[in-house]
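Starting from the known structure of chain A, fit chains B and C onto it as the hints suggest.
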Amino acid sequence: MTRIAKHRELLVLAILGVLIVVIGAISPNFLRPTTLINIVNSSLFLLLIAIGEMFVILTRGIDVSTGAMAGLAAVILGVSLNAGVPLPIAIVLTLLTGLAAGTVNAVGVTALRVPPIIMTLGSLGVYRGLMLLITGGSWIETIPHSIKSVAAFRVAGVPALIWISLAIAVAVAFALKNLKQARYLYAVGDNEEGAFLLGIPVKATIFSAYCLSGLFAGAAAVVFVAQIGFVPMQTGSGQELKAIAAVVLGGVSLSGGVGNAMSAVVGALFLTAVDSMMIFLKVPGFWNNAVGGAILLAVVFIDYRIRCAVRDQQQRARAREMDQSTLEKINPAASSASVMGKAT
Amino acid sequence: MPEVNKATDPSANAGGAPPLVSLKGVWKVFESVPVLRGISFDLKAGEIHALLGGNGSGKSTTVKILCGAHKPTAGTIELNGQPQSFDRPSDAHAKGIYMVPQEPHIFANQTVRENLLIGLAGDARAYAERCERLARELGLTCDFSICAGELSIANQQLIEIIRGLLRNARVLIFDEPTSALTIREVKSLFGQMKKLSADGIGIFFISHRLNEVLEISDRVSVLRDGVFVLSAATATLTTNDLVAAMRPAGSAPTKASEQARSSAPRSSTPVLEVKNLSGKMFHDVSFNLFPGEVVGLAGLVGAGRTELAEAILGIDQHVSGDVAIDGRRALARSPRICQRLGLAYVPEDRHAHGIFLELPGAQTISASILARLGRPFLSAKREGAVVAQFVQRLGIKLSSPAQLARTLSGGNQQKAVLAKALAALPRIIILDEPTRGIDAQARQDVYRLIRDLTAQGVGVLVISSELAEIVDLSDRILVMYRGRVAEVPGSQTRIDQVSAAVFGMAGEAAA
Amino acid sequence: MIPWKWLRSWEAVLAAALVVELLVLGAINPAFLSVENLLYSTSDFAHVILGALGLTLVVITAGIDISGVSIMGLASIVLGLSWVAGADIWVAVLIALAVGSMAGAFNGLLVANTDVNPLVLTLGSMFMFAGIATGLPGVLDLLGFKAYGAGGFAAYQYEGITGLPKEFTALAHGGIGWVPNPLIAVLLFALALSVILHRTRFGRYLYLIGVNPNVARYSGVPVKSVIVAVYMLSAFGAAMAGVILTSYFTSARSDLGSEALLNIITAVVLGGTDILGGSGTVLGTLLAGLVLGFLRQGLLALGVSNDVIPIIVGGLLIGTVAVKLGLIAFNQRRGNRRAYQLEISETREGGGSAT
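Residue numbers (our numbering), protein chains in the order written: chain A, 1 to 344; chain B, 1 to 511; chain C, 1 to 355.
Keep in mind that the hints are not guaranteed to be accurate.
For lysine-lysine, the following DSBU-like pairs were computed, each having C-alpha atoms within a straight-line distance of at most 35 Å [claimed, not checked]: (1) A:LYS203 to B:LYS64; (2) B:LYS381 to A:LYS180; (3) A:LYS203 to B:LYS24; (4) C:LYS224 to B:LYS275; (5) B:LYS397 to C:LYS224; (6) B:LYS71 to A:LYS203; (7) C:LYS166 to B:LYS381; (8) B:LYS44 to B:LYS195; (9) B:LYS397 to C:LYS324; (10) B:LYS24 to B:LYS275; (11) B:LYS71 to B:LYS44; (12) B:LYS71 to A:LYS180; (13) B:LYS71 to C:LYS224; (14) B:LYS280 to B:LYS24; (15) A:LYS180 to B:LYS195; (16) B:LYS64 to C:LYS324; (17) B:LYS381 to C:LYS324; (18) A:LYS177 to A:LYS203; (19) C:LYS166 to A:LYS203; (20) A:LYS177 to B:LYS44; (21) A:LYS203 to A:LYS180; (22) C:LYS224 to B:LYS280.
Derived from the structure by calculation, the hints contain no laboratory data.
Nothing here was measured: the structure is a model prediction, and the numbers come from that model.
Same shape as in the complex, but just chain A (with noise of 0.2 Å):
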C-alpha cells in the first residue's frame, strides 16, 4: 500500500498502459507507431510547463502564471525571428524572456512576500497583458522555416524534439536526486520551518524554484512555436491549470515535498493521451475537459483514501510498538519517583 502511495507516477503509467491496450483494441489504428509518437510529440508543450511546475509545487508553492509566461516567450520569440534575429539567438531571447518573467514571480514571492497564488495571478494578468499589448491583438501568422524544420529534424525516425526533452527531462530527474540544492526543494516544501533552522537557504530555494518555472515556460514556448508555426493570441491559456493537473496527477502533492520529474512527465504523456484517445474513439472534442477533471478528481480522490489507509496502517503499528516498550521490566521504585511529577 505504501508503496503505490509513494510512486503514483507508476499506477498511472500502469493505468495510462492499460488504456492504450484498451483504445488500440477498439480502434487498432492507435497503436501505430506513428500515433504513438504523435501522442508523445504533442505532449512536449505541456510536458515542459509541468517541469517547471513541479519545482515550484515541490516547495509547496503554486504558479499559476506558467502559461501565460510560455505565450509571451512564444511572442518575443515570434517577434524576434520576424524581425530577422538568428534562430539559436532567437531561441536564448525566449529562455531568457520565460527566466526574466519567473523572476519577477521569485522577488515577488520571497521579498515582498505575497502568496504565491496570489502573485502569480497577477503576473498571469501583467503577462497575457504584455502579450496582447507587443501583438497589438493579432496572431502571429508567418513565422520564417528555421524555427518549423527544427520540429521537423527527427533522429531515428522520432522527432528531435522528442530526444531533447526526454533529455532534459532526464537531466532534472538526476539532478532532483543527487543536487544537494535540489534536494534543498523537497525540504523547504517539506518542512519550511525545520529547513530554515538547518540552515538551509530557503528565500535563495524558493527563488530559484520560480526562476526555474519561468525558464522551463520558455522553453515550452521554443518547442510550441516550432510544432504549431505560429502564435495564436490563446498561446498558453489554460496550460498552467492543466500543467497542475498533470502533475498531482503523477504524484507531486500540492503540500510540498512530494514527487519528481517522473511526475510531471508521465502526467502529461497521460492527459495528452486521453485526448488522443477520444479523437479515436470518435468522442467530440469538448468532452476532453470533462473527462480531465473527472480522471483528475478521482485519482485525487483515490490516493486520499490511500494515504487514509496508510496512516491506519501506521498508527496500528505504532501503537503495537508502544505496546513492546512498555513491556519492559523496569525496577519500580526509581521508575515510580520519575512519573511522580511535581508535588504541588
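Frame of chain A, contents of chains B and C only:
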C-alpha cells in the same frame, strides 16, 4: 519583586576560563509584549544546565535567541568571551550551538539518511561514516532508507541530536525532550547526555519535570516572567526550592486534596456509561461515571487515554462498543452530538484542538453555544454577557474584549477552553491534561473549579500524567495499561501503588 | 492575521478609492460621470461581483473555488436547454439555479470529506463543469429529449441558444428607475450575504473554520455541513451571474464568464479578505468589485486598449497585498520597539534590578 533564594547573578563566574556561552542583559519583545527582561547567565563546558520556568516565563525564547532563530531586542550573546551576532540559525550552527527542538523538525517524506545529512556544508558523503558511527553510539538502529515520518518521536529526536553533533556542536540545547518519551527512552537519553557532557559539550536542558531536572543536571536556573529568580548548583536544591521559585510571588501552595471533597449525594445511576469500547489503542474498555464524582484516568504517556476520550466524543469513528449518556445510548457520536447530550471535552492539546489563536479569546468561549445566543441572528449583547460571566467565574485575565487568544498566557488560554466547555452546561466533562503547561495559580483555579463542578452534580473524568494530581483529585482512580482499563481498588490509592499499577506491576492492573 | 481594526479602515480606504477613481475618470471625460451612465455600466461587470461575493465566504473558510466561472456557463446552457425542451422560461431559470447549486454541493462534498487541497478539487471540477456544459446538448439528444427546431439539441452546441422570450431578456436591461436590475441583484445578494456572515451563527462558523477547522470540530461546529453549504452558496452566486449574463447577451452559451476568474479573485483579495482564511467582509468585496469594474470601464472609455487592463489589474492585485503585508510588518516592528522602550523606562523608574 522577584524572590531570590540562593545564588543570584548566574553570570557570576568564579574566575578562570570564560564560560562556553553567556547571555548578558538580553531583552526580547514580541508584538509589544516583553518576554525577556534583561536576562544574563552562562553555561560552562561539560555542564548540564537546566532551565526551568512556567508557561510564558520565556524559556523557549531564551534558547531560540541562543540558537539564532530570534535576534534579541537588546543585549549580547558571548561565546568563549567573544560577542556574537546571529542572523539565522546556520550562523549559530557554524559557531557550534545547536538546538534539539521539542518537536523534532523532520522532513517526513524524505529518508532518514537525507534527514541526517541535509544542510551540511560540503559533500554529504564525507559525513556518512561519522554519521553511521554516531547513530550506532546513540542507538538509532533503524534502516536509513525509510521515510523519517515513520519513526517514533524518540528516534526523531536522535536524528536531531546527530545533526547537532555532525555540526561539531559544543553547545547542545534540549527543549522539553522528554515530554513524548517512554521511561526507557528517557533513561537512554539521559545516558547519552551524560556521555556528551563528559566530552566537554555544554548542555542546556529545558524541562518542567522537576524530578528529571534534579536527576540529570549540574546547575539549575529558574526563569519567571522574563527574569531569572534562581540559579544554583543542583546538589544544593530540593524540589520545594524549585516549586517555590516558580510560584508567583505571594501565592501560597495548596494541595488539591486540602479542598473539601465533594459532598453531593451520589446518585446510583451513572451519567456516563462506557461498555466494551475498542479502538486502535485500547480494547474492551468499560467504566461508569456517576454525577458529582471525579474519576481519574492514569497511565503512561502514549497509553491511549486521549484516544479513548476522543473515541467517546466521536472524533474517532472507527470504534466498536457502546457509550450511554444519562442512560441513552449514543451510537452515532460527534462532538456536536455529545455536546447536545451533555458531554463536554477539554482537549489535551489546546493549541491544536482547543483554542482559536487568531481570534479574540471571547470567540473561543462562545464557540460551542452560538446556537443559544439568538436565532436567527446572533445577539452581541447575549454573547458579551455569557463571555463576561465566564471570564469572571474562571478569573481569565483579558486586557480588552478584543484581545487575541494568541497573546494570552497558557493558563488563561486553558481557562478560555474550559469556559467554552462549561458554557454548554454539560453534565459530564472530560478534562485531558487540564493543568499541563499552566502556572501554579491557574492550576489552583482549575482544581477549585473541579470541586465546584462536582458540587453541582457534574461528573468529571480527569486524564493526567501527574500521579500526585490524580491521587489528590479523584474519588476513584482508573489505570490504563497496554490498552486496557481497570479500576484501582479503594485500598490501593497511594501514589506508589497507583504508580505500580500504571506500569503494570503487582496488583494485576490488566482487566 | 489581520486585526479587526485594520479591516474596518480598509473598507474606508476602498470607499475613498472608489470616490477618487470616479472623480478622476470624470475629470478626464465628463460624459463618464453621469449617474445614469455609471449605473448602467455596472451591468458589464455585475457577474464578476456576484461571483466574488460568494467566493469571499468560501475564502473565509480557508478554501477556494475556481470552478465558479464554469458554473456560470453551465447555468446558462442549462437555462437555454430547459427552455428549448419546453419549460417555461422562469422555470428554466429556477432549474439553472438549482443545477448550479448542485454543482456547488459537489464541490463542497469533496472538500469536506477529503483532505485534498480545494484548489485541486475545484480545478478538476472547473474542467468537468466546463466540459459538461459544452457537451450537454449532445447528451440530451442522445437521451431522447425533445427540442424545438430541426437540429435537436446538438444544433445549439456551438451557436448557443437564442430567441429567448423577451420578458426574460429584458431582465438584464431593465431596472427600477436608473438602477439596472443586475446591480439590484448584486446589492440584494451582497446584503443577504452580509447579514448571513456578520449576524448569524452560520457566518461565525465560517470564520471559526477558517481560523482552525480542527478546533471548530472539537467545539461542536458542524464543519462538514457548513462547508457544503458555503460552496453551494458560492455556486448559487455564480449561477445567478450566469442567468444574468444569458439575459444580458440574449443568448445561452456554455462559455459565458470564462474570462472572469482573474477579476473575481482580484476583487476578493482587493476587498481585504485574507487568502489564507479567517477574515474578510462582504462590504470589502463589494467595494473592491466596484473599484475594479469602474476602473475597467473608465479605462476603456478613455481609449486604453483592452489588453493593458489585465496588466493594471494584475499589478493592483500584487501591489495591494504587498503593501498590506509591508504595513503590518512595519507596525509590528514599531510596536515591539516601543514596548521595549516602555519596559526599560519603567524598570529604571521602578528601581528594581532585572537580573
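For which of the previously enumerated hints does the structure constitute a violation, in increasing order of number?
As far as the earlier hints go, 2, 7, 10, 13, 14, 19 and 20 are violated by this structure, in ascending order.
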